[in-house]
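Q: The chain contents come next:
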Amino acid sequence: MIIGRVIGEIHGTIKHRFYEGKRLLVVEKDNGDYIIAADSVGAGADEQVLVLDEGNGARQVFDSADAPVRSVVVGIIDAVSSRA
Amino acid sequence: MIIGRVIGEIHGTIKHRFYEGKRLLVVEKDNGDYIIAADSVGAGADEQVLVLDEGNGARQVFDSADAPVRSVVVGIIDAVSSRA
Amino acid sequence: MIIGRVIGEIHGTIKHRFYEGKRLLVVEKDNGDYIIAADSVGAGADEQVLVLDEGNGARQVFDSADAPVRSVVVGIIDAVSSRA
Amino acid sequence: MIIGRVIGEIHGTIKHRFYEGKRLLVVEKDNGDYIIAADSVGAGADEQVLVLDEGNGARQVFDSADAPVRSVVVGIIDAVSSRA
Amino acid sequence: MIIGRVIGEIHGTIKHRFYEGKRLLVVEKDNGDYIIAADSVGAGADEQVLVLDEGNGARQVFDSADAPVRSVVVGIIDAVSSRA
Numbered sequence: 004m005i006i007g008r009v010i011g012e013i014h015g016t017i018k019h020r021f022y023e024g025k026r027l028l029v030v031e032k033d034n035g036d037y038i039i040a041a042d043s044v045g046a047g048a049d050e051q052v053l054v055l056d057e058g059n060g061a062r063q064v065f066d067s068a069d070a071p072v073r074s075v076v077v078g079i080i081d082a083v084s085s086r087a
Numbered sequence: 004m005i006i007g008r009v010i011g012e013i014h015g016t017i018k019h020r021f022y023e024g025k026r027l028l029v030v031e032k033d034n035g036d037y038i039i040a041a042d043s044v045g046a047g048a049d050e051q052v053l054v055l056d057e058g059n060g061a062r063q064v065f066d067s068a069d070a071p072v073r074s075v076v077v078g079i080i081d082a083v084s085s086r087a
Numbered sequence: 004m005i006i007g008r009v010i011g012e013i014h015g016t017i018k019h020r021f022y023e024g025k026r027l028l029v030v031e032k033d034n035g036d037y038i039i040a041a042d043s044v045g046a047g048a049d050e051q052v053l054v055l056d057e058g059n060g061a062r063q064v065f066d067s068a069d070a071p072v073r074s075v076v077v078g079i080i081d082a083v084s085s086r087a
Numbered sequence: 004m005i006i007g008r009v010i011g012e013i014h015g016t017i018k019h020r021f022y023e024g025k026r027l028l029v030v031e032k033d034n035g036d037y038i039i040a041a042d043s044v045g046a047g048a049d050e051q052v053l054v055l056d057e058g059n060g061a062r063q064v065f066d067s068a069d070a071p072v073r074s075v076v077v078g079i080i081d082a083v084s085s086r087a
Numbered sequence: 004m005i006i007g008r009v010i011g012e013i014h015g016t017i018k019h020r021f022y023e024g025k026r027l028l029v030v031e032k033d034n035g036d037y038i039i040a041a042d043s044v045g046a047g048a049d050e051q052v053l054v055l056d057e058g059n060g061a062r063q064v065f066d067s068a069d070a071p072v073r074s075v076v077v078g079i080i081d082a083v084s085s086r087a
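From first to last, the protein sequence lines stand for chains A, B, C, D and E. Numbering-wise, our numbering puts 55 at position 52 of the first sequence, and it's gapless, one number per residue. Numbering-wise, our numbering puts 44 at position 41 of the second sequence, and it's gapless, one number per residue. Numbering-wise, our numbering puts 86 at position 83 of the third sequence, and it's gapless, one number per residue. Numbering-wise, our numbering puts 41 at position 38 of the fourth sequence, and it's gapless, one number per residue. Numbering-wise, our numbering puts 87 at position 84 of the fifth sequence, and it's gapless, one number per residue.
Just so you know, the hints here were simulated from the structure itself, not pulled from any lab data. Please note that a few of the clues may not be correct.
A pair holds if it fits inside one copy or across any two, identical chains being indistinguishable in the list.
Claimed, not checked - Each computed SDA-like pair below joins lysine to any residue, with the alpha-carbon atoms no more than 20 Å apart:
1. K18 <-> N34
2. K18 <-> S67
3. K32 <-> F21
4. K25 <-> H14
5. K18 <-> G47
6. K18 <-> V83
7. K32 <-> V83
8. K32 <-> H19
9. K25 <-> G35
10. K25 <-> V44
11. K32 <-> S67
12. K32 <-> I10
13. K18 <-> F65
14. K25 <-> E12
15. K18 <-> S85
The shape of chain A in the complex, shown without the other chains:
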């Protein structure tokens, strides 16, 4: 899984009914790359989040067997402790 920060949201015309009413967040990783992930937790701007980037798991988060989705924000991170 990946951690990153919510830096934006995308708006557009997504064909599949799954995306109706879903928020699509732009999540930036520490290395500067970013990923687009469907929100499942109500994450907001600048929040640090946990992203699951895997299709079968993402579909289970949304309880949708046929959703065309791969990346989903599954949690909001409060802290990263420097030691496990």
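Given chain A's structure and the hints, the job is docking chains B, C, D and E onto it.
A: Relative to chain A, chains B, C, D and E alone:
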């Protein structure tokens, strides 16, 4: 998922019947890499698009259980707001 | 699979019940990238670990058919011999 | 999916029966990386090809439910138009 | 699929019974990255090998429906011809 811009289209001989009549778009990401994705939304040149890069989801977009496809353009992006 | 070193742990609000009581470790790879992986072995700080980064296998480690998980620490590494 | 150019072929001892009689091509991408892909179209040296890099789809190309394969050359590219 | 060279072997405590008696090889790619792969062919030090990096296919190599494995050495490479 990935956002990118449509910069071209490829033409050739693809063996599998799934590809008959499908458009294969060259989608460039911000970091300069690009990906080849089957079109499902009628995306055109220079449009910014959302790409799903996962086989099981891609097959569901095309309602084809056995399509040899992994990447599909699932939406056209109108705007990226800088804050979620 | 991937080897890396445990450099931290993340704390936050993960929506799915699967994550209740699970530790989420920050695992750094040699190239400086890191990955977030659910612990299944009791790995601690600075330990070198083996990470499986694949959803179906990760779900089987936790015996959970619907867990939204992709990356899991499956072992603690004692030594890397320079020759196989 | 990925486009690349066929720059070689590998020869060796592959354990699984699936690989008997299959050609394994070295396909170089524009960024200098390369990938090893099983041929399904009779691609030859220097040809530009489309590679599907996903296991379930690759198995369907070969009509083999249990083939240990992930990457397969699925087409030969004649042209890349600069605009879609 | 990936080609690389066996540069080492890892030893440790892997929780899952699947790993009992399995060798875990460190395989270095040309670009300097490396991957950890379970051996299925008896590959030795310095040998050039073909690695399948996909969970479902890897499980089929080992005939184990629930093995937590993603990467497996499936062949030993004798030669890479510079032209297909």
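Q: From the Cα coordinates, with 20 Å as the cut-off, is the pair K25 and E12 best called within, between, both, or neither?
A: within (11 Å within a copy, 29 Å between copies)
Q: For the identical chains here, do K25 and G35 meet the 20 Å Cα criterion within one copy, between copies, both, or neither?
A: neither (25 Å within a copy, 28 Å between copies)
Q: Within a copy, between copies, both or neither: which one fits K32 and F21 at a CA-CA cutoff of 20 Å?
A: Cα proximity of K32 and F21: none, with 26 Å in one copy and 24 Å across.
Q: As a check of your reading, is K18 near F65 (CA-CA no more than 20 Å) within one copy, between copies, both or neither?
A: So K18 and F65 pass the 20 Å test inside a copy (17 Å) and across (11 Å) alike.
Q: Please work out whether the CA atoms of K18 and V83 approach to 20 Å or closer within one copy, between two copies, in both situations, or in neither?
A: Classified as between: cross-chain Cα gap 18 Å, same-chain 37 Å, threshold 20 Å.
Q: How would you label the pair K18, N34 (within, between, both, or neither) given a Cα cut-off of 20 Å?
A: Neither. Shortest intra-copy (31 Å) and inter-copy (26 Å) distances fail the 20 Å Cα cut-off.
Q: Regarding K32 and V83, is the shortest C-alpha distance of 20 Å or less found within a copy, between copies, in both, or in neither?
A: For K32 and V83, the Cα distance is within 20 Å both inside one copy (14 Å) and across copies (17 Å).
Q: Please work out whether the CA atoms of K18 and S67 approach to 20 Å or closer within one copy, between two copies, in both situations, or in neither?
A: both (16 Å within a copy, 16 Å between copies)
Q: With 20 Å as the alpha-carbon cut-off, assign the pair K32 and H19 to within, between, both or neither.
A: Neither, since 27 Å and 22 Å both go past 20 Å.
Q: My question is about K25 and V44: at a cut-off of 20 Å on alpha-carbon distance, are they close within one copy, between copies, both, or neither?
A: both (11 Å within a copy, 18 Å between copies)
Q: Since the copies are identical, ignore which copy is meant and state whether K32 and I10 lie within 20 Å (CA to CA) inside a copy, between copies, both or neither.
A: both (10 Å within a copy, 17 Å between copies)
Q: Please sort K18 with G47 into within, between, both or neither, judging by C-alpha distance up to 20 Å.
A: between (24 Å within a copy, 15 Å between copies)
Comparing the model with each earlier hint shows violations of hints 1, 3, 8, 9, 11 and 15; every other hint is respected.
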